[in-house]
Amino acid sequence: METVTSDEQIVERALSGDAEAFGEIVRRWERRIFALAYGMLGREEDARDATQETFLSAFRNLRGFRGEAKVSSWLHRIAVNQCITRQRRSKVRGETTLEDETGAEAASFSAPAHQSPARVAESRERAEIVRRAVSALPTELRQVIVMKEFEELTFQEIAAVLELPLSTVKSRLYTALRQLQMRLRNMATEIG
Amino acid sequence: MKESTGTNLCERAEDLVTYLYGEATAEETLQFERHIERCSSCRTELVAFGDVRSSVVEWRQQALRSFASQESKAAAVRGFEPVEASRRGRSALAALRQFFRLSPMWLRAATALGGVAFCALAALAVVYFVQGPRTVIVEAPVKSGYSEDQVKAMIEDAQKRQAALRASETPVPSRESFEPGTNREPKVQSSIKGNVRGAQGHAGVARRQALPRNLVRQPVTEALASSDYLPFTAPNNEERLPNLTDLLDDDDN
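Quick mapping for you: the protein sequence lines, in order, are chains W and R. Note that the working numbering numbers the first sequence so that position 154 is 154, with each residue one more than the last. Note that the working numbering numbers the second sequence so that position 43 is 43, with each residue one more than the last.
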């Protein structure tokens, strides 16, 4: 029976000179880090860039990883910082905000083949509404909801990544859900 | 109960999200379920938040499906085997390469530019080491038009000529008899002879006419100074000019 190597063991291997070890970390976490970045940034291209930068930053700072936190928390923290930095840069450069974007991004989504075109179109439309609603949240609320819904991290893990008290994470998530509910309702009313 | 965003909220908001995401302990779950039986606000929010979650999950699934499909497309384009099969053989470098492959155009262009610059530098380094280091002699800057060695040689040359002149005790040709700008002796001689034979008052005028115009305007000393000859010395490759008395003697003969 094949034993599952922990992330921490893989990082140790990478630190001891195993060239393939970091690649294993990337393979394990790229999808989830992309999901986090996508949830935070709302644009696929930006999410890909942020994902790359996250792993490059992790690779560069591998020696600085002291094992005090879990590798996953460490990676998520880097990813969140990358996303926040990108958002700040975008604001400084005056780039188009996510809320202003049209449904072009949603059109790139791939849908299951068994769905009818009408169902696919409806699904895309809903996804676009959610994307815009999430993007309109303040950063501190958005990162919590994305970590919970996209990453499926526990409250404890989110608290560790963001270095926040557990109760703060829960209250932020509650506020985020409430704001999303209101925004989704308003958007649905506007469209309907 | 507290008022927020127009809806009555229960104090147990944190318990609500803990219960919603299934992270409550068995005891907490039991207590909250008892609570929602009598708290309509929490019941309503629980349903509404459930709808929000399902919408967000749907969005997430679409986004991740898009990511997965693009990953498989990229793998197909590369001619790679499915990810599971190729997983064992991939290195950290390959994983990073994959990320660069997915990178935007500006990052690729920058990487390409850096690669070209690196190759150029590497080629220069190879050429340098193949040819071997050369000893580069840097001469001290020369202040005038002559190098230090040239000046020394000229001084020594002048000294030798002066010494030779002194040794032969031959009278040095006077400035008046020396006609700069003309190195040919016959012309000098005929010019001087003509001057002697001609009217005495016209001798100076005739000599000025024989001289080049630029030298006529200048005193003879300036003309000498402007020439390449050192003052009071004759160049080695020229014969010494005869004295006036010698010429007169020749005519008499």
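No lab work stands behind these hints, which were simulated from the structure alone. Treat the hints with care, as some may be off.
Claimed, not checked - Chain R regions said to be covered by chain W (calculated; three or more residues, Cβ under 8 Å):
1) 11 to 17
2) 34 to 40
Unchecked claim - Beta-carbon label-pair distances, calculated as ranges:
3) R:G50 - W:S90: 31 to 37 Å
4) R:L121 - W:L56: 19 to 25 Å
5) W:S171 - R:L121: 55 to 61 Å
6) W:T139 - R:G50: 43 to 49 Å
7) W:E8 - R:R108: 54 to 60 Å
8) W:S171 - R:A110: 30 to 36 Å
9) R:A122 - W:G67: 20 to 26 Å
10) R:E37 - W:S167: 20 to 26 Å
11) R:Y128 - W:R93: 39 to 45 Å
Claimed, not checked - Interface residues of chain R toward chain W, partial, derived using beta-carbon atoms under 10 Å:
12) L20
13) Y21
14) E23
15) E28
16) R43
17) E45
18) Q62
19) A109
20) A110
21) L113
In this text, a Cβ means the ideal position worked out from N, Cα and C, and glycines have one as well.
Hint by hint, here is what the structure shows:
no.	hint	in the structure
1	11 to 17	holds (count 4)
2	34 to 40	violated (count 0)
3	R:G50 - W:S90: 31 to 37 Å	33 Å, holds
4	R:L121 - W:L56: 19 to 25 Å	23 Å, holds
5	W:S171 - R:L121: 55 to 61 Å	56 Å, holds
6	W:T139 - R:G50: 43 to 49 Å	25 Å, violated
7	W:E8 - R:R108: 54 to 60 Å	34 Å, violated
8	W:S171 - R:A110: 30 to 36 Å	43 Å, violated
9	R:A122 - W:G67: 20 to 26 Å	38 Å, violated
10	R:E37 - W:S167: 20 to 26 Å	25 Å, holds
11	R:Y128 - W:R93: 39 to 45 Å	43 Å, holds
12	L20	8 Å, holds
13	Y21	7 Å, holds
14	E23	6 Å, holds
15	E28	12 Å, violated
16	R43	14 Å, violated
17	E45	8 Å, holds
18	Q62	4 Å, holds
19	A109	14 Å, violated
20	A110	13 Å, violated
21	L113	18 Å, violated
Checked against the numbered hints given earlier, this structure breaks hints 2, 6, 7, 8, 9, 15, 16, 19, 20 and 21; the rest are met.
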